[in-house]
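Novice: Start from the sequences, fold in the hints, and give me the full structure.
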Amino acid sequence: MYYAISDSEGSTLDTFTDERAAEDALVELSQRHDTSGETFFLLAYEDDGSPIGDARVVGDVLQHQLSGLLRQFEVDYGWVAPLVPSSAGEAPVVPLLTAKATDGTNTTASELTFLGSSTG
Amino acid sequence: VATAPTNGPRLQGDRLEILNLGAGEQLVVFRLVKTAHRQDPSLVDSFRSNADLGKPAVGREERLPEMHHGISVFKTRAQAADRRRRIVDRLVRQGRSEDLRIGDYIARLRLVGSGFRFEDRNSPDRHMTVWGDASSLAAAVVDISPAEPADATD
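Those protein sequence lines, which keep their order, are chains D and R. According to the working numbering, the residues represented by the first sequence are 175 to 294, in order. According to the working numbering, the residues represented by the second sequence are 61 to 214, in order.
Treat the hints with care, since some could be wrong.
As the list claims (entries may be wrong) - Keeping only pairs whose Cα atoms sit at most 20 Å apart, straight-line, the calculated SDA-like set for lysine to any residue is: (1) R:135 to D:224; (2) R:94 to R:182; (3) R:115 to D:205; (4) R:135 to D:225; (5) R:135 to R:101; (6) R:94 to D:225.
Claimed, not checked - According to the in silico footprint, chain D covers these stretches of chain R (three or more CB under 8 Å from chain D): (7) 113 to 120; (8) 134 to 145; (9) 163 to 176.
Said to hold, decoys possible - One side of the interface only, derived from the structure: several residues of chain R facing chain D at Cβ under 8 Å: (10) 92; (11) 108; (12) 110; (13) 149; (14) 159.
These aren't lab readings, by the way, just hints derived from the structure by calculation. Using N, Cα and C, we set each Cβ at its ideal position, and we do this for glycine too.
Specialist: Quick look at the structure:
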């Protein structure tokens with residue numbers, strides 16, 4: 175597999191053989207050049223040059239990474255609650271995302287991020 | 061048929077591998093451009109590097125500043141068309157057609173002689189980087205054709 179990051183005019187800016195490295199680079203570039211008005215695209219290819227799938231932008235990658243994080247958490251800890259908005263009238267300390275581990279304890283969004291990072 | 065270019069330093073990894081076209085050597089490449097006409101004075105703008113356009117260096121351009129002065133080309137017309145199609149499809153699906161900046165046409169260039177340099181990393185997407193004066197690159201255009209078939213552009 176081969177990955178190319180392109181700008182909106184079709185110029186290749188960077189290339190990778192590792193998908194996660196390519197995704198991380200796309201996120202980093204998009205965040206760092208957020209005010210430039212430029213859109214960066216991630217394109218995947220088979221080793222023979224055949225294109226794979228659609229071009230992805232930073233939002234696609236972040237969504238994909240979050241989905242993977244939640245799937246991994248579900249495998250490790252039993253289940254993941256749906257997105258739970260904080261209740262009206264409560265102080266904004268209620269996490270937007272709550273997950274319940276198999277030992278019955280609740281986990282906040284920040285802990286979830288930490289656990290997801292640690293599971294790789 | 062393009063003859064095999066020779067000479068120039070050959071570096072490994074993420075380092076630059078710039079080759080020079082020698083006398084009598086030629087290279088045929090394809091570039092996305094924004095006009096259908098070789099005589100259009102604006103054609104030269106399609107051959108300006110990101111540095112010439114005042115864009116910030118990004119990715120390899122940051123690590124290897126010389127890259128900022130090169131332009132992207134493809135060894136095949138099909139790969140140039142694929143690059144455009146996937147970018148256009150993504151923006152249109154996102155409802156961002158107004159952000160389309162990519163050229164609607166593909167120019168075929170025949171580069172001959174020592175005025176041009178290039179890097180070929182043998183990447184699967186057949187991408188290459190070419191260095192040359194923008195007006196010389198525009199003058200090397202052999203023909204220009206729509207990137208999409210006529211019945212697909214409606």
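Novice: Out of the numbered hints, which ones does the structure contradict?
Specialist: 2, 5, 6, 9 and 11
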